[in-house]
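Which chain is which? The protein sequence lines are Z and F, in order.
Each number in this note's numbering comes from the position in the first sequence (counting from 1) with 9 added on.
Each number in this note's numbering comes from the position in the second sequence (counting from 1) with 412 added on.
Read the hints as simulated data drawn from the structure, not as lab findings.
The C-beta atom is built at its ideal place from N, Cα and C for all residues, glycine as well.
Errors might be hidden in some of the hints.
[Unchecked claim] Sample of chain F residues facing chain Z (criterion: CB under 10 angstroms; computed from the structure):
| # | residue |
| --- | --- |
| 1 | G458 |
| 2 | N866 |
| 3 | A930 |
[What the hints assert, rightly or not] Output of the computed footprint for chain F on chain Z, the stretches with three or more beta carbons under 8 angstroms from beta carbons of chain F:
| # | stretch |
| --- | --- |
| 4 | 61-67 |
| 5 | 82-94 |
| 6 | 125-133 |
What follows is the residue order along each chain.
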Amino acid sequence: MTNELHIVVCAGIAPDPLQTLEPVTGATGPGLKNEMMLPAILDPWAASALFEAANLASRFPGSKVWLVSLGPKAKLQQVMMTVAQKAIFELVPIDAPIGGFADAHATAGALADAIAALPGLDREKLLIFGGWESATRGAGVTLQLVGERLGITDQFQGVDQIDLHDDGSFEVLERVEGGKHQVSRCIGAPAVLGWATGNLAEPRNNPQTGMANMRTIMPALQKAKLATLTANGLHYSSVSLPKQQRTTRVVKDRSPDEIAAEIVAWIGAN
Amino acid sequence: MSASALTESTTMHTLPGDAVRQIQWRFAERFDLQMLVQSARGVARGTVAHMVAAGERNSHEWTPAKNEMLEAFDRAGLTGVFMEPVEGGFITGPKNLALSLTAFELAWVDGGAATASLAGFLALSPIHERGTPEQANHYMTLSAPPLPGENRKPWRGAFVLTEPIPYVGVDTGMLNGKVRIVEWKDGEEPWLQVEKRGRFITNIAFANFVTAAVASDDPQIKGSCVVILEKTDEGTFEPGTATKKLVHQLSSTGDPIFNLKVPASRIVGGYTVTDGVIIPNFNHGEIIEAVFRRTRVPIGLMTAAKLLSAVEPVIRYQRGRFRGAEGIRPGTVRFEQGIQQREDALHRLVDVWASGEAAASLGFAAARLFDELDPIEKQKTAILKRSGIEGGRAEMKALRDSEQRAIEMLDLNPNDPRRLELAADILVNYVVKDAIANVLCPATKLWNTGHGANMMREAVSLMGGYGITEDCPGFLASKWMDAQLEATYEGPEAVQRRQLTVTMTSQVFLAQLKAWTAQMRRIASTHANIGACTLASAMEMWMWTLRHLQNATDADGHKLYHGQRQGVTFPLADALCWLLASRCQILDVLELETHDGTNAVAAEELTGTVQFLSDLCHTQAAQAAGEVSRICAELVFGYNEHPAWDEQGRQNCFMQRELDEFEMTMAGIASIAVDVVDQSGSHPDKAGPCAGCAGSSEFLRLQNKLCSCLSGSRLAKDRAAETVSKVMIPEALDYPA
């Protein structure tokens, strides 16, 4: 038996973590000041899912990875200039507003519709990957809703590892309290896996990979359909940044012990 | 913090990002280049920045850590940027802009890393430009980075031109390295003995091969050539001691010694044998001309990157300057603005920023021009070859008619049908682009690095004492020092000025400059506050001065504009560079403006960004105009003898007695008389009677006009400073420092 996989990764984009974020209220609701002008990255949790998907697909010949991403297509294109160099995938862009303030049900609906419409997708081989969390506002339910809409009830969250067996079944490690993992066994696809960080390092940029991906990414971006995300009655009375003072530093020449000691000292002082 | 309402604004809120730069530097439609930028940036702000922060610049020797940087280049595809896809690269077509963007991104963090990246290209360039197909295929394949999963070490090369003191040093016209025949059996290929000592050779510590320039030491070899030497060749391939550089320590530099026996097939470009004499198909001069013409532009862009990279750390330093002091609470002006409350701090940063913008615009314009020129040059060669014309001098002679047609074209109205007809002529097109490239290349290398080094000093000064410490964010002190090397290697400033003094007087270029002047006036008619009118007036003054100097003599009757008279020609070359950089900067902002509403990413605040960058243009144009005015005035008047209080000088003065008589009929005339000599012969305390303006009144008219053209430039600077005080910056630099 072959373990050919069809892996669909759902991944949004988020402002680069070093940027200063300031909420503002626009005509369509809350957003972030200058968000379109700020450098963006693939949402880090979802990026882990993509790298795990690419790694898994490379181990099982005949497998394929789709990246379904919802965001302004011009911004998606910019993010793809880096992401496309890191893994082989086919992009399925959905042109929609940026930001973490969209209704999770509407977002999940757009993603599920796009996945259901993928030509050649075999449900018996389907694994839906995404981030367990998000670097944007993060409702934390979008991936589960996508699974529900597609009728996939085997769902795992906080995943750090998947081991695929020859019979198509797999074992999943999900994060639980106390730094431990819960081990689950699933008889096979389809399933939804919301990834934590996984175990893989971020792949380095490889322009050859990027050029190969771009042959499909650029036409896909040009053809991307505009999606309207309805608010479904969702209303924000106010938005604000967390009260904690954010003091970002880029630190060099520190050992893990020293970093840990500084964090402990900081917690003690607060 | 609660949400505030969005307001329509023409103020730039964030630092110009990738979307803006891609439009300005014309690669918004090139995803291969956009990926390259991200790839190079990842290496620069990751591997390279960590190395610099870890103190890898503190050693002269090549270390395992520095070697990792080369492997990072390989993995990121930077080693293969200048290769065709079949050779292991990923970009098709000309690569000048690609190489420039790579150098720009690497130099944003460290100039030595950028140099290390470029040096491999420099070594292969002679083979790429002039090598035989067999040589090109062999060495490109060996030097291509390994593909994922491929277990192969790529070859690395070094270009060996310069020779050690007390030998001929860096003069590319003379060589001390020698080549002679050691073995030549009947019907077989000759074997050569190559002796060469190099000096300040980049990449030498790890080079598997070098391309070395040598002169014939044998009557059976004609002239000079470039020879490929491999580390495994029979004889001595000694990398020599590491140069104790104070700069660019992430590139390997040493003084190698070679004494090797190699087959004659290693002569770059091949050879023919006539009457028992080996005649290389290309002498070393022809080869290095093709190489340096392209590699000098990326170096100019390295310094531009440093200037622009300084903006964010300086702003962060300025704003945080007073935080932590007793009584400085969050929310107060002193806490939020810090030293940016002071106009001087803002104005000086505006000057640094404007210089960086102009330098980047000039450099990328030159890089794009070479990308356009490369295929046209090949077409030109093919066309002439079909007419039986080959070789430098024969081609130059054959192109004279095209030069006249080019001058005619440049003088025509842009919509004139005759102009369109001439523009379709490949030879005319080649002649124009070649004339511009011959100026833009040395201008980029000279102005970006020379003036850039001065402005890097200014950037360092804005960080106070912090600026000259290893801890300074953005490694600004290192960048300042590095800029001095960038001004020196691959042709120091004097070499660039010398080249400009020849190329800037080409009739084709001067016709183009005249057309550019008209273009600036047209731009000014629709964009009054971008500095285009100021620039056009300065261009007119420069052209008038050149014509004047080409015909004028000094007080001793000696010709002023002369190849040996560098006191005249070199400053005029410097002045031209200011004009060219400012023009390119203006055009890049206009390009950005044309995308208003069409680029979704940049659209949110494109209007504000265009406004700010226009203010920087105006500021820079005023600086350029000031420089041109100062230099031209000095050259026009400085070679005239100042009148003295002698017989001849006194003839131009009023006598007090005469004035008294005139005063009776023309009351008040005495008040306008400057130089008056009384009966005793006494006169005002000064060098002599004031010099007249005979012959120079047109210059004074132009200068007068130029002065009034500066109107509004300081208002633009004030606006730019206001924006700098408010622009949003990230919370931390995106690379360690």
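Coverage assertion for the stretch 61-67 of chain Z with respect to chain F, Cβ distance below 8 angstroms, three residues required: Violated, because only 0 residues of the stretch 61-67 of chain Z bring their Cβ atoms closer than 8 angstroms to Cβ atoms of chain F.
Interface restraint verdict for A930/F against chain Z (beta-carbon cut-off 10 angstroms): violated (35 angstroms)
Three residues minimum, CB to CB under 8 angstroms: does the stretch 125-133 of chain Z make the cut for coverage by chain F? Let me know. violated (count 0)
At a threshold of 10 angstroms, is the proposed contact between N866/F and chain Z supported by beta-carbon distances? violated (29 angstroms)
Coverage assertion for the stretch 82-94 of chain Z with respect to chain F, Cβ distance below 8 angstroms, three residues required: holds (count 9)
When the least beta-carbon distance from G458/F to chain Z is tested against 10 angstroms, hint result: Because about 9 angstroms separates G458/F from the closest Cβ in chain Z, which is inside the 10 angstroms limit, the hint holds.
Consistency with the previously given hints fails for numbers 2, 3, 4 and 6, ordered from lowest to highest.
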